Amino acid sequence: MKRRRKKYLPRHARSGMKALKKLASQYGIKNYLNKSPSALKRAIHRHEQRLRGELRPARQIVDSQQAAITAYRERRLRFLFSPSRFVHAGTHEEYILEKDEELKLPLIYGENELVAMPIDPVHFYVYWDFNEEMLSRVQANFPRVPFFLRVYDITEVIFDGSNAHAFWDITCHPLAREWYVDTPVSGRHVCVELGYTLNGRFHALLRSNTIAIPPETVSPVLYDVFDTFVPTTTPMILAPATPISEAVTHQVGHLFFQPYEPPPEPMPVAIYTPVPQAVPQPVKQPHPIRSFPMWQTIPEKEDEWISIPEPEVEMKPIPGILRRFQTAPGEFANGWFVWQLPAGEETVVRWMAQLPGEVGPFFFHETISTPHDRALIVSLGVWPWQWEEYVPLGASDWTIRRFLGASLFSWYRPGASERMGKWRRPVGASERMLRFQPPGGSESLWRFQPPGASENLSWMRPVGASERRLNWSARGWWL
Amino acid sequence: MVVVSNHLGYHAIVLHAHLPYVRHPEYDYFLEEHWLYEAITETYVPLLTIFEDLLNQGVAFSMTMTMSPTLISMLMDPLLQDRYSVYLNRLIELSEKEVIRTEHDAHLAPLAHYYERRFKATHVLFHDRYQRNLVKAFKHFQDAGVLEIITCGATHGFLPLMQMYPSAVKAQIEVAVQHYKSVFDRQPHGIWLPECGYYPGLDRFLAKAGLEFFFTDTHGIINASPRPLYGAFAPILCPRSGVAAFCRDRSSSEQVWSSEEGYPGDPYYREYYRDIGYDLPQDYIQDYVQPDGTRKNTGIKYYRVTGKTDKKKPYDRAMAQQRSVLHADHFVGCRIEQVTRLAHMFEGKKPIVVSPYDAELYGHWWFEGPDWLSLVLRKAIYDQDTYKLTTPYQYLLENPENQVATPSASSWGAQGYNNFWLNPTNDKMYRHLHKITQKMIQMAHLFQNPYSLQKRALNQAGRELLLAQSSDWAFIIKTGTMVEYADKRFKTHVHRFNQLYDMIMASEIDETWLKKVEYLDNLFPELDYRVYREDG
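Top to bottom, those sequences are chains A and B. Counting from 1, position 139 in the first sequence corresponds to residue 284 in the working numbering; the numbering is continuous, with no gaps. Counting from 1, position 11 in the second sequence corresponds to residue 1075 in the working numbering; the numbering is continuous, with no gaps.
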């Protein structure tokens, strides 16, 4: 195309992208911000031609096509604006567009309800609704106080609020009114309560129906009971009401007109009480990812543990629910920490003993307590550093899978891979906080290694370890 | 036929025929009603033809078929039968035009003649032989003892997602059984649970309704508790109710269902997606597709699958029939091998291989399906004696000793559980569905002695609830095929129910409006709202 002079544009728009863009936006040209100056000019020119009515069509419409186009347009108009829908043949499009019924379903029903529906062995769906009084209670507390969906495992119990086998909390937004929940148990009966935690106590607002989560795999119960199938007798359909002849009825009526008898109760099936076999104990296998450093192998039997002399550093009593296990003389001592778990049971974690004693209080972010297994997600801080770790207390498939999942797929949760297994400064740590060190902290805490590491205490480092940095990430130097 | 008892096992073929209740008397033409017309032309009439051929030739086959109450109601409805006649006549007219159009084309001319003959034969069969009542034709085969017809849920409602309302589950089952009894004059022996959706505890409703067996998907029995000794190849009895559960065999299903490895993907079979409704120019085909010009399937297709390519070759009927013979032979051979292997593993117990399929697969999606099925039945009876064709009820009568176990909650939808019917596309429906279920149960208990108008309104409310509970709406919304239609249907039924509820509770029933709604939604005319009561 021959380059035209700029004089075809009005003076105010002859120069500059700014003026062109303003004009293009006024004219309603699409995508005007991304067009080049020449494209904008072309579009503006074309629009002005269109306004003046001078625009020529881009393609030639052939006559036969024109006839078809006109015919289609006519038919379409007749279809859309025909007076009665019984005159012409309608399609479902008209049905969808018809407005003679007000089909608005209410958004909110305004009654207290919490309904859970199972989806598959790992998910279920919950929806809820509040009435005005409950809604005002929720709005008074939220978001000051966190709201949870507390999921209870209530297989074979009549739930009264406190006798569940296990429970876990899922943070939710109470005004969302529906939630997709992941469930760690399968093959169990489960119930949900919606409530908030205040001062350490959980206040339940709504309780849901009980649902059965389908089992995920084959049943571990091997108990063969056999029974015989007994076909139920098919009742005869009632004969016609008028008899054939009265004489026949009188004599042999009972042969022709059998009264309707409801089918008998099904034969009693052998009383079957499932006798759960002991769940097979998992075989102890070396952990595939969480492999302890080579110089710190956990021996299989207790008598392989060497007795480690008492360190000179005084072990301060750790606040919270941690207490030190007192052993009798002659037995292995030093460093067995016992946790008082919320369920009242105690368990022992060996590897924690390898840590030095100057670490700060342990924060238990999440306690998973199920009939199958237990795990802790522990966050421990050596100010201003922090370490988050999964601690599988059992060694079953489920715990290891959770652990593996947490470590392998931590990239999926924002920030998790940064958090996991690394020393990092807590969020609140700022330069100002450095001036106010917490009690127990000292300058030595700024260093990468925990206190006591460079003091050459024999109990801290085994023979043969060099001066290089300790790898607390437990992932190996190559990862 | 002489009972040969040296067979090692059994094979049961189950065809599941269901269509959602689409009947719009207020429109002359409705696109979704064509699902029924296409199913009749391509599936039900061909199936009846092959059954009749087998029976006339003395082949005593044994097969099970599920007919859902909505399908039966649509097949027996005079309005839909009239509309089907109109549809078939237009199809015959189109086939005649096609014969004229393709008379110079050597590939397509014999096919056009074939379709013309086929549609005219369908017309004769539908009007003269079956007297427009296909259900009676199926009943004839059931009375002859070769076909066992079992029932399905009343409106194919997905029962695991209704488990918190036992009255609703009971109503779906009892209405289905009552409807079956009124049509077939006998008690159904078993039920095909909608989408094979089972949850533990459902069997007690089946037992109360007098049903004796049902079907689940494979993992429903594999994951049963305690672990079944015979896996997926023998039924289990549910504890306390004694209802038997059969499960689907995956290998025989995949040989037919799988899009990559299944028989329907063979290059010589007819290609479903090359219909003349999409290929021919608008001015020729406009009277046979939708009135507004949008194209749709007509049923006349000239090309075969050919492979994964856009350039399809013409369909050759003779080649396709040869291929179906080969495939039938292969299928029967696979079943022989499977049953032999299983019988040797199960010492003493005879295995049963259950192969359930959608009836629409045979004829509609897979054109040579009915021919293949007829060949499979013949080969199974005459060419081998390893396994015996049977129905599940017959198997239970011959092998009554079965293991007691609770099947696991499952369905045959994608991913095996309830994901397809409860996911972010269709989860908003259940709030309303549960609300109207609660209201219906409340009304059923509240009104002990209603007067006639109230009773009509209560029964109509029950009908609207049943129609809203249909799992097809959630299914269609998830697959995304006709979303606005399913959405509108669901909202319509919920809205009509709410109107009826308000009218009944306020005791101001508008009879004209009630008559209109009864005219529009006339499913189950003998429905009694008292099925929703919890005691009985």
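If you're looking for bench data, these hints aren't it; they were derived computationally from the structure. Possibly wrong hints are sitting among the right ones.
To be verified - Dumping the calculated SDA-like pairs for lysine to any residue here, alpha-carbon to alpha-carbon at most 25 Å:
1) Lys1245/B <-> Thr377/A
2) Lys1503/B <-> Ala216/A
3) Lys1499/B <-> Thr377/A
4) Lys1542/B <-> Ala164/A
5) Lys1499/B <-> Leu178/A
6) Lys1503/B <-> Ile214/A
7) Lys1555/B <-> Asp274/A
8) Lys1499/B <-> Leu320/A
9) Lys1542/B <-> Arg352/A
10) Lys1499/B <-> Gly255/A
11) Lys1552/B <-> Asn1487/B
12) Lys1555/B <-> His190/A
13) Lys1555/B <-> Gln1512/B
14) Lys1555/B <-> Glu323/A
15) Lys1555/B <-> Leu350/A
16) Lys249/A <-> Gln1506/B
17) Lys1492/B <-> Ala357/A
18) Lys1555/B <-> Arg218/A
19) Lys249/A <-> Lys1580/B
20) Lys1360/B <-> Ile214/A
21) Lys1161/B <-> Ala212/A
22) Lys1499/B <-> Ile214/A
23) Lys1503/B <-> Val260/A
24) Lys1376/B <-> Asp1339/B
25) Lys1492/B <-> Ala212/A
26) Lys1492/B <-> Arg352/A
27) Lys1161/B <-> Tyr217/A
28) Lys1503/B <-> Arg218/A
29) Lys1272/B <-> Ile214/A
30) Lys1492/B <-> Leu350/A
31) Lys1492/B <-> Thr377/A
32) Lys249/A <-> Phe1539/B
33) Lys1161/B <-> Ala216/A
34) Lys1492/B <-> Leu351/A
35) Lys249/A <-> Asn1562/B
36) Lys249/A <-> Val1547/B
37) Lys1360/B <-> Pro251/A
38) Lys1375/B <-> Asp1330/B
39) Lys1360/B <-> Asp274/A
Remember, it's a predicted structure, so these values are computed and weren't measured experimentally.
Now the hints, each set against the structure:
1. Lys1245/B <-> Thr377/A: Holds. Lys1245/B to Thr377/A sits at ~16 Å (cutoff 25 Å).
2. Lys1503/B <-> Ala216/A: Distance of about 52 Å is beyond 25 Å: violated.
3. Lys1499/B <-> Thr377/A: violated, 36 Å
4. Lys1542/B <-> Ala164/A: With a Cα-Cα distance of about 49 Å, the restraint between Lys1542/B and Ala164/A is violated, given a limit of 25 Å.
5. Lys1499/B <-> Leu178/A: Distance ~51 Å between Lys1499/B and Leu178/A Cα, so the pair is violated.
6. Lys1503/B <-> Ile214/A: violated, 53 Å
7. Lys1555/B <-> Asp274/A: With a Cα-Cα distance of about 20 Å, the restraint between Lys1555/B and Asp274/A holds, given a limit of 25 Å.
8. Lys1499/B <-> Leu320/A: holds, 19 Å
9. Lys1542/B <-> Arg352/A: violated, 30 Å
10. Lys1499/B <-> Gly255/A: Given pair Lys1499/B, Gly255/A holds - Cα atoms ~11 Å apart, limit 25 Å.
11. Lys1552/B <-> Asn1487/B: Holds - the C-alpha atoms of Asn1487/B and Lys1552/B are around 19 Å apart, at most 25 Å.
12. Lys1555/B <-> His190/A: violated, 50 Å
13. Lys1555/B <-> Gln1512/B: violated, 29 Å
14. Lys1555/B <-> Glu323/A: Roughly 20 Å separates the two Cα atoms, so the pair holds.
15. Lys1555/B <-> Leu350/A: Status violated; Cα separation ~31 Å.
16. Lys249/A <-> Gln1506/B: Judged against 25 Å, a Cα distance of about 23 Å means the pair holds.
17. Lys1492/B <-> Ala357/A: Since the Cα atoms of Lys1492/B and Ala357/A sit roughly 21 Å apart, the hinted pair holds (cutoff 25 Å).
18. Lys1555/B <-> Arg218/A: Not satisfied, since the Cα-Cα distance of roughly 32 Å exceeds 25 Å.
19. Lys249/A <-> Lys1580/B: holds, 20 Å
20. Lys1360/B <-> Ile214/A: Within the cut-off at roughly 20 Å; holds.
21. Lys1161/B <-> Ala212/A: At roughly 23 Å apart (the allowed maximum being 25 Å), Ala212/A and Lys1161/B satisfy the hint.
22. Lys1499/B <-> Ile214/A: The given pair, whose Cα atoms are some 50 Å apart, is violated under the 25 Å limit.
23. Lys1503/B <-> Val260/A: holds, 16 Å
24. Lys1376/B <-> Asp1339/B: holds, 12 Å
25. Lys1492/B <-> Ala212/A: violated, 47 Å
26. Lys1492/B <-> Arg352/A: The given pair, whose Cα atoms are some 20 Å apart, holds under the 25 Å limit.
27. Lys1161/B <-> Tyr217/A: holds, 22 Å
28. Lys1503/B <-> Arg218/A: violated, 48 Å
29. Lys1272/B <-> Ile214/A: violated, 63 Å
30. Lys1492/B <-> Leu350/A: The hint holds at about 23 Å.
31. Lys1492/B <-> Thr377/A: At roughly 41 Å apart (the allowed maximum being 25 Å), Thr377/A and Lys1492/B break the hint.
32. Lys249/A <-> Phe1539/B: Given pair Lys249/A, Phe1539/B holds - Cα atoms ~21 Å apart, limit 25 Å.
33. Lys1161/B <-> Ala216/A: The given pair, whose Cα atoms are some 22 Å apart, holds under the 25 Å limit.
34. Lys1492/B <-> Leu351/A: holds, 20 Å
35. Lys249/A <-> Asn1562/B: Judged against 25 Å, a Cα distance of about 11 Å means the pair holds.
36. Lys249/A <-> Val1547/B: Holds - the C-alpha atoms of Val1547/B and Lys249/A are around 17 Å apart, at most 25 Å.
37. Lys1360/B <-> Pro251/A: violated, 36 Å
38. Lys1375/B <-> Asp1330/B: holds, 15 Å
39. Lys1360/B <-> Asp274/A: Roughly 43 Å between the alpha carbons, so the hint for Lys1360/B and Asp274/A is violated.
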